[in-house]
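Trainee: With the hints as extra help, turn the sequences into a complete structure.
Read top to bottom, the protein sequences are chains F and A.
Oh and the first sequence: position 361 is 361 in my numbering, straight run, nothing missing.
Oh and the second sequence: position 269 is 269 in my numbering, straight run, nothing missing.
What the hints contain is simulated information worked out from the structure, not anything from laboratory work.
One or more of the hints may lead you astray.
[What the hints assert, rightly or not] Simulated restraints on C-beta separations: (1) A/471 - F/28: 49 to 59 Å; (2) F/31 - A/495: 46 to 56 Å; (3) F/31 - A/477: 30 to 40 Å.
Positions of the beta carbon are idealized from the N, C-alpha and C atoms, including for glycine.
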Amino acid sequence: METIITSKILLTCAIPLVSALLIMASGSRPNLRETWSIAGAGLTFLSVVNVLPHILAGGSYECVLFTLYPGISVKFHLDGLGILFAGTASFLWILAGFYCIGYMRGLNEHAQTRFYVCYAVSVGGAMGAAFAGNLFTLYLFYEIVSIFTYPLVAHHQDAEGYEGARKYIIYLMFTSKAFLLPAMILIYVQCGTLDFCYNGIVNGIFPTETSRWLVTVSYLLCLFGFAKAGIMPLHSWLPSAMVAPTPVSALLHAVVVVKVGVFSTCRVMLSIFGTKLLHDYGLGLFTAYFVSFTIVVASIIALTKTNLKARLAYSTISQLSYIILGVAMLTPNGVTGGLIHIVNHAFSKITLFFAAGAIFVASGKKDINEMGGLGHRMPLTMLAFGIASLSMIGAPPVSGFVTKWFLALATMDLHNTLLLVVLLVSSLLNAGYFVPIFLQSFYGTPPAADAGQTGSLERSPLVMLMVVPLCITSLLSVLFGLYPDLFLRIINLMVGA
Amino acid sequence: MEQYLIHNHLGYPILSVLLCLPLAGAVVTLFLRGDTVLKTWGLLVTVATAAASLPLYSRFDLHTAKYQFAEVYQWFPFLKLEYAVGVDGISVLLVLLTTFVMPLCILCSWSYIQERFKEFIFVILVMEASMIGVFICLNTVLFYIFWEAMLIPMYLLIAVWGGPRKDYASIKFFLYTLLGSVFLLVAIISLYVKTGTFAIPELMTHRFGYAYQMWLFLACALAFAIKIPMFPLHTWLPAAHVEAPTAGSVILASILLKMGGYGFLRFCLPMAPAATLTCMPYLLALSIMSIIFGGYLALGQSDIKKLIAYSSVGHMGFVTLGIFLLNVQGIKGAMLQMINHGITTGALFICIGIIYERTHSREIADNSKLGMMMPIYVTFLGIFSLSSFAFPGTNSFVGELLVLLGAFSKYKLVGFLAIPGAVLAAAYMLRLLQKMVWSDSDGHGHHHDGGHGHGDDAGGHHHDLKDLNLREFVTLAFLTVFVFWIGLHPAPVLRIMDTSVGHLVEQLHHGMQHVPAEHHGHHALLHQVGEWFAQVRIFFAS
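Mentor: In structure tokens, the structure reads:
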């Protein structure tokens, strides 16, 4: 367990920012601009891979940049949990980078430079959050992500776009100012520091004599403060954010933004409060029941949506709560199941969103009822969609199964039938809203408007730029279902320590 | 007196130089001709003053709470009145803020002011001298003289170069502040009668009886609460801001309001510690009301300047909140918040001035959709707006955080009550930013209108707005440096005030516990009120 003090890890956060500047500078030359975007993504991922061996060996990296006040600093610390998130997000950014080109050019979108700049900065913000070494740094990058995703949500600059973006920013800013800020201050007043505890997940930073009341209030403020995690009742910004172009929904609102929320929640639960404190004060089980409500209700709402992106949005809300449910069960199996779902959900859900965007660009369809027979014209897309759906449902051998397996184990560890029932019911609901899409696309009748249209829609180069990434992500979903070892090793470093 | 001072050892009287440089510059303007010459001269003098003030920072002794760089000369020996100047960790920051903001005031008036240039530069320089005077003087008579001397140039700034309702606004400003000053004058005279000295450092350590402290506190607090301004005495501020020229607004926001906070720290807290303790809950309550009312009113404004003016009321609420928490974090936070407000709100007023010069309107609706036309301007506006609502990483965050830390570590309830203010700040600034950068939310925008890059037509009201010129860029870039510097590395600023604030709090707590007994006599009623106040405080604190 060696902690290396180095400014090398700043590189991962700096590369997206530098690439954003380069994108801005080459705004008038689309090819160069998009090269910078992809190069930024690739280099970011490489920089994460570069630090992986040391982390796998049980070490960590640390770097303090600025100190604002004793115990409050801009501090970076990379450990297993951070690299899990950073690696996932930066890898998917590469694929999303290609996908963006296909989507944005395919639809001839306006203000593409702004789009790519904000996209890169948002991912950079997520990297910062992943590497944050204390609550203040986490808060800083959390807020940066909020601000820089606003232009992406409002991208279309029409009434609907502004309305969605307004709701988005109000939810995120209100919760972070009203709940997160006081939570941070309360924690500082109790503990005298905001630095995370990296000594296993059992003990947090709270001194032993802290009053139960204060711990509970701080915890609840944190739970509701990270509204990006989409826990009900603070979830409705996410469906509104679907007015954004699909690459934004795919990378940001299925991976980066929402995972920053979930990651932050998990980080605070494990590295600030610690499982012992949460268990002693009954907060773990409370959280588990609380998010169970979200898991089930969001799935039920998803059933009622016929707009594909809206259905995916509610599915995301439901799936994010799995992660928190796992961690809230506070057992090693539960935490493993929860944290590994950060990766599993990312790969599967981005596939689904990529597919939705590809369908929209190729055929102009948004509504599920119009997608009858589409499987014959976009076979690769719909097959990938099917695989990713299986992952959401939790069927083997796709990666979602691994999550469900560990979560189910955890409910048995706790002898908690209710939570097991929640898992089973939600899996059925997932099947209920994903399987019909897949079946209809192959066996359904095409809508009258499409009569007589045949031939593949996946031939044009721009569409291929979108189809190839989604095939890769769906194949990786299967791969991670079969070989989850790498991620399990990383998580074990944290859980086992 | 001597034991409170460290005499100036720089080889030249730095504080007197700071005081005289702008004054001498003002006299010279009377003999100059031509707008460009005058402007350049004004800039030169203010920059020279700023440069001359630098040793205050670099040669400042961090380990003492005494008044440094002090100069004492006999003035009226029979009254024991001396010319005494000096700075401690609290005032030195405000002096530096003043000297650094003033060149920007000239820069932002470069093309804004169209007439009476000679008078303008003269007024600005006199203003600078009197503001520096308020912060450096060490006796009550000088304090009062500078305090009043500042009123007239400020009145002129609004009344001569102001907007359409300048007469109303300038008179209102003048009357409000004058009302406060009258009470201050009474307090100063009574202090002299009671103690026989005008020296502030001596008065600060003098132990007054409880009832006298109450009178003293109320008289001074009224003057300072008007100046800062505190709800419900804030109504002069929006009027003055809206009508004042950019430079006037910047001076008003960045420096004049700070005198209220400075007054509280210099007079109320050390001279009347027991009364401060008694009145604390009320001032905390008023502070919270300022924070929330200021924010709430800002949310409803359609005039950008009015919006920023009400936001100032909210920010100053955080300052008084920090001061009356009476702990180190709170007072440090309040001090930092004063500096930050000077930087950020000053910058926002400069931003408004820049856009007003282009569109001749301060209505939000007339200045929408600037994002496509003025990207550099919008970037600066974004930075200062974020700073204004205490975005982490910017200067205001550190100040607000310290105030809230002070609040939460003392009374959690007070902390929680102040949080809605922080939320409101985000709401009104983001609303402003959304409307100015993007559009009104009625959505005239268009979708899929083709074209790569950012060269699309924004469809706004103006098609010919020029982005920032070099002068404007430099002004805003200079302030941006401070936004991030204090936001990420506030130690150099906090370090300077460390000893002085620590000393003040120590003195305060000592003073609260040792109140000399006195015969109550006709003060009985007031004493009774004080008792009653104290009981409410105990209830409040429990």
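Trainee: Any hints this thing doesn't respect? Which numbers, in order?
Mentor: Going through the list in order, the structure violates hint 1 alone and respects the others.
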